[in-house]
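J.: Spelled out, the chains give:
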Amino acid sequence: MMTLKKNKTLIVGVGNDILSDDGIGIKLVWDLESCFAKASQDRETMQPIDFKTAALGGLELLELIQGYEHVIFIDAIKTEGGVPGAVYEMTTDDFKETHHLSHVHDVSFLQALELGRRTGMKVASKINIIAIEIVEDLLFSDDFSPEVAAKWPEIKETVLQLVNKYLNQ
Amino acid sequence: MKRVTIDPITRLEGHGKIEIFLTDDGEVDNVYFQVPELRGFEKFCEGRPVEEVPTIVTKICGVCPGCHHMASGKAVDAVFGVEPTATAKKLRELFYMAHFVHSHIAHFYALAAPDFVVGPTANPAERNVLGVIAKVGVEIGTEVLKQRRIAQEIQALLGGHQTHVVMNVPGGVRKGLTEEQRKDIEEKAKGFVEFSKFSMKIFNDVVLANKEYVDIILNGPYALNLHSMGLVDANNKVNFYEGKVRVVDTNGKEHCKYSPNEYRDWVAERVESWSYLKFPYLKQIGWKGFVEGNDSGVYHATPLSRLNVADGMATPVAQQEYERMFETLGGKPVHATLAMHWARLVELIYAAERCLELAQDKEITAPDLRAKVEKIPTEGVGIVEAQRGTLTHHYWTDENGIVTKANIIVGTTNNNAAICMSLKKAAQGLIKKGVEVNEGICNMIEMAFRAYDPCFSCATHRLPGTMPMIVNINDKDGNVMQTVKRD
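Protein chains in written order, with my numbering: chain U, 2 to 170; chain H, -12 to 474.
FYI, nobody ran anything at the bench for these hints, they're computed from the structure. Where is the CB? At the ideal position from N, CA and C, for every residue including glycine. Certain hints may be false.
Restricting the straight-line Cα-Cα distance to at most 20 Å, the calculated cross-link-like pairs of lysine to any residue (SDA-like) are [to be verified]:
{"id": "1", "chain 1": "H", "residue 1": "K133", "chain 2": "U", "residue 2": "E137"}
{"id": "2", "chain 1": "H", "residue 1": "K175", "chain 2": "U", "residue 2": "E64"}
{"id": "3", "chain 1": "H", "residue 1": "K133", "chain 2": "U", "residue 2": "R119"}
{"id": "4", "chain 1": "U", "residue 1": "K123", "chain 2": "H", "residue 2": "V125"}
{"id": "5", "chain 1": "H", "residue 1": "K392", "chain 2": "U", "residue 2": "D143"}
{"id": "6", "chain 1": "H", "residue 1": "K122", "chain 2": "U", "residue 2": "R118"}
{"id": "7", "chain 1": "U", "residue 1": "K28", "chain 2": "H", "residue 2": "T42"}
{"id": "8", "chain 1": "H", "residue 1": "K133", "chain 2": "U", "residue 2": "T120"}
{"id": "9", "chain 1": "U", "residue 1": "K123", "chain 2": "H", "residue 2": "I127"}
{"id": "10", "chain 1": "H", "residue 1": "K392", "chain 2": "U", "residue 2": "S142"}
{"id": "11", "chain 1": "H", "residue 1": "K265", "chain 2": "U", "residue 2": "L140"}
{"id": "12", "chain 1": "H", "residue 1": "K133", "chain 2": "U", "residue 2": "G68"}
{"id": "13", "chain 1": "H", "residue 1": "K30", "chain 2": "U", "residue 2": "E137"}
{"id": "14", "chain 1": "H", "residue 1": "K30", "chain 2": "U", "residue 2": "L140"}
{"id": "15", "chain 1": "U", "residue 1": "K53", "chain 2": "H", "residue 2": "I43"}
{"id": "16", "chain 1": "U", "residue 1": "K53", "chain 2": "H", "residue 2": "T42"}
{"id": "17", "chain 1": "U", "residue 1": "K123", "chain 2": "H", "residue 2": "Q139"}
{"id": "18", "chain 1": "U", "residue 1": "K123", "chain 2": "H", "residue 2": "K188"}
{"id": "19", "chain 1": "U", "residue 1": "K53", "chain 2": "H", "residue 2": "H151"}
{"id": "20", "chain 1": "U", "residue 1": "K53", "chain 2": "H", "residue 2": "G147"}
{"id": "21", "chain 1": "U", "residue 1": "K53", "chain 2": "H", "residue 2": "Q139"}
{"id": "22", "chain 1": "U", "residue 1": "K28", "chain 2": "H", "residue 2": "K175"}
{"id": "23", "chain 1": "U", "residue 1": "K123", "chain 2": "H", "residue 2": "G147"}
{"id": "24", "chain 1": "H", "residue 1": "K30", "chain 2": "U", "residue 2": "A125"}
{"id": "25", "chain 1": "U", "residue 1": "K28", "chain 2": "H", "residue 2": "K265"}
{"id": "26", "chain 1": "H", "residue 1": "K133", "chain 2": "U", "residue 2": "A125"}
{"id": "27", "chain 1": "H", "residue 1": "K133", "chain 2": "U", "residue 2": "E64"}
{"id": "28", "chain 1": "H", "residue 1": "K133", "chain 2": "U", "residue 2": "L65"}
{"id": "29", "chain 1": "H", "residue 1": "K122", "chain 2": "U", "residue 2": "K53"}
{"id": "30", "chain 1": "H", "residue 1": "K30", "chain 2": "U", "residue 2": "K53"}
{"id": "31", "chain 1": "H", "residue 1": "K188", "chain 2": "H", "residue 2": "K30"}
{"id": "32", "chain 1": "H", "residue 1": "K133", "chain 2": "U", "residue 2": "R118"}
{"id": "33", "chain 1": "U", "residue 1": "K53", "chain 2": "H", "residue 2": "A143"}
Chain U stretches covered by chain H per the calculated footprint, using a threshold of three residues with CB under 8 Å from any CB of chain H [to be verified]:
{"id": "34", "stretch": "10 to 20"}
{"id": "35", "stretch": "59 to 73"}
{"id": "36", "stretch": "113 to 125"}
{"id": "37", "stretch": "132 to 141"}
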C-alpha cells in the first residue's frame, strides 16, 4: 500500500468538531493550516508542516504521530475554576504524575508514548500540548458555547503565537 | 448509611462514576453506575439528507466509528428500499472484520490482560499495558502495535479514512478493491489469524492455567444470570454484519429472533431518574427491575451473549475454540461475566478468519459496487453487532430523503442494567464488614464492568489521562472515614 511521505513536524487537532467546544482543537488546526498555507506562498524558506485532526486517544494517537520529530497537539480541556477560552501550554512532563493511569478504550496517551518507545517505534522527541479551556462538551452542535465563541479571535491569535514559538525553538 | 464512591472509572470511555452505598453494618446496600450522556445527536441529524448520516455518525464515537457507519449505512439502504450488491456487502464486511480485529486486540492487551497477566490486585502503577509487556515480552508489544496498524490500514483503504469512514452509500460502497490490493489484504489477514491464535494461547497459558484466575472467573462474584442477545446468520452462526437478532433465555431457549425492522416489538427502553442513560429491556417480558432470572426483562448484549445465542461459529478455528470454551465452562449458556474476555478472543479469531475468507474471495474485486436506488425514501432500520453489543440505527425521512426523526440504541446501552447489576454483585461479594476497601478491591469491582468493554462517549481524546480513581468511605452521616486514591 502507498505510504505518504511525512514532514518532520505535525500539528494535530484532537476532538469532535460536531460536539460544541470539544471541537476547538480541530477548528484551530483548520485555521492554522490555512494561515500557514497562505504564509508559505510568501516565504519559500518556511519549514513544511503536516496538519491532522483526530477524534482518537491512546494507541491510535501513537499510530498517528509515528515518524514525526516534533508534534504539537491542540486539545480542549476543562479544569476546576478555569476561565473559558484560557489557553494553556503543556508538555508531556506536566503529566508525569498520571503516567501509570489508563484512560480511554485502550491506554492513556502517555502510556502509549512509553509503549512506542519501548517497542522501538520512532516517537517524537519534542511534544508540545496546547489546551483551551472549554465549557460545553456534551451537546452535539456545530457551534461553540457563547463563552468560547466570544473569545474565538483571541484564542486563534494566542495559539498561532504559541505554534510559531514552538516551531522556532 | 455509608457511601463508597469510585469516580471516575479508569480504563473506560468518557467519564463515569460508581456509587456504592453501605449499610451501618458495612455490607453493600446498593450500587449506582452513572455516566453523563452526550445530548442531541438525533436532533443534530434532523433536517439533513439521510445519505449524509453514515458519515456524520462516525463522529458519535471515536472508538467504534466503523460500527456506527455500518449500522447507519444499512439503515439508509432500508430507507431507500435498496439491497446492496453482493460485492458491496463483501467489501463492507471485510472492512468490518478489520475493525473488529483492531478493537478486540486493544481490549485484550490493554484492558483485560492487565488484570490477569499483571494481577487483579497488583500495584496500579504496573497494572497496565506496560506491565503486560514487561511480563510477556516487548516483542509481543511490537506485534500488538503492528497488527493494529495493519487493521487500521485496511480500514483506511476500504473506508476512505481510518476514523471518519466514508465508505457506504445507499445500495453499496463508494469504491472497490483492485486485485493487487486484494492480494495485499489476503497476506495481512493471514497474519491476523496467526496473531489471534497466539493471543488465545496467551489466554490459555496465563489465565486458564492459573487456578486462582479460573476460580475468579467461575466462582467469584461475577456471574449474572440474564438473557442473551446477538446477531446470527441463516444457520444461527455468529455474524457481526448481517442477520437476525436472536435472544435466548437464561436456560438457552430461544425467546425471539427478529429482523431489524421489528426491533421495537421486542426491545423497549426504561428511564431511571438517577441515570442519564436509558435501560433497554425485553418488551414481551416487561421491566421487572434490576433482577436476575428468566422472569427478568434484563439482557446481555456482549461477546459472551453473542456466543450464547448462536449455534456455533462460521469459521473453523473459531468453531473449535467456541466448542472448547463451552465444554470447559459447562455448556451453554454461560453467565460468568469475566468469561466475556474468553468469548472476545473467540470472536477475534472469527473476525481474523472471516477477514481472510473475504480477502480470498476473488469476486470481491468485481465492479458491481452499487445497486440503483429507485424507491422513494421513507423509514429504515439497520442493525449490526458492535464490539460492545447490538447496535441499532433507525431513521425516518420525508419523501425527499430529509431526516425527520432518528433513534439509536448503542451497544453499551443494551448492557446498562446488566453493568449496574454486575457491579452490585461484585461489590457485595468483595466488600464485607471489617474488610478495608483498598485499591485492589476497588479494581476487582471495576473488573466487573471492564469485562463489558463499555464505551459511553465520543470524547476519547483527552490527552493527559488525568482520571484518578477516588474511593471515599463515608459514615452514615456522610463524613469521610477513609479515602483511597489512585493518581
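J.: Take the hints in turn and mark each one as holding or not.
T.: Verification of the supplied hints:
1. H:K133 / U:E137: The given pair, whose Cα atoms are some 36 Å apart, is violated under the 20 Å limit.
2. H:K175 / U:E64: The hint holds at about 18 Å.
3. H:K133 / U:R119: Holds, because 14 Å separates the two Cα atoms, which is no more than 20 Å.
4. U:K123 / H:V125: holds (15 Å)
5. H:K392 / U:D143: The hint holds at about 19 Å.
6. H:K122 / U:R118: holds (17 Å)
7. U:K28 / H:T42: Within the cut-off at roughly 18 Å; holds.
8. H:K133 / U:T120: With a Cα-Cα distance of about 10 Å, the restraint between H:K133 and U:T120 holds, given a limit of 20 Å.
9. U:K123 / H:I127: Holds, at about 17 Å.
10. H:K392 / U:S142: With a Cα-Cα distance of about 17 Å, the restraint between H:K392 and U:S142 holds, given a limit of 20 Å.
11. H:K265 / U:L140: holds (17 Å)
12. H:K133 / U:G68: Measuring from Cα to Cα gives roughly 14 Å; hence the hint holds.
13. H:K30 / U:E137: holds (17 Å)
14. H:K30 / U:L140: holds (10 Å)
15. U:K53 / H:I43: holds (18 Å)
16. U:K53 / H:T42: Judged against 20 Å, a Cα distance of about 18 Å means the pair holds.
17. U:K123 / H:Q139: holds (18 Å)
18. U:K123 / H:K188: violated (29 Å)
19. U:K53 / H:H151: holds (12 Å)
20. U:K53 / H:G147: holds (15 Å)
21. U:K53 / H:Q139: holds (16 Å)
22. U:K28 / H:K175: violated (35 Å)
23. U:K123 / H:G147: Violated, because 25 Å separates the two Cα atoms, which is more than 20 Å.
24. H:K30 / U:A125: violated (41 Å)
25. U:K28 / H:K265: At roughly 32 Å apart (the allowed maximum being 20 Å), H:K265 and U:K28 break the hint.
26. H:K133 / U:A125: holds (18 Å)
27. H:K133 / U:E64: The hint holds at about 10 Å.
28. H:K133 / U:L65: holds (13 Å)
29. H:K122 / U:K53: Given pair H:K122, U:K53 is violated - Cα atoms ~35 Å apart, limit 20 Å.
30. H:K30 / U:K53: Given pair H:K30, U:K53 is violated - Cα atoms ~28 Å apart, limit 20 Å.
31. H:K188 / H:K30: violated (46 Å)
32. H:K133 / U:R118: holds (14 Å)
33. U:K53 / H:A143: Roughly 15 Å between the alpha carbons, so the hint for U:K53 and H:A143 holds.
34. 10 to 20: As far as the stretch 10 to 20 of chain U goes, the hint holds, because 6 residues have Cβ atoms under 8 Å from chain H.
35. 59 to 73: holds (count 6)
36. 113 to 125: holds (count 7)
37. 132 to 141: That given contact holds, which follows from 5 residues of the stretch 132 to 141 of chain U lying within Cβ reach (below 8 Å) of chain H.
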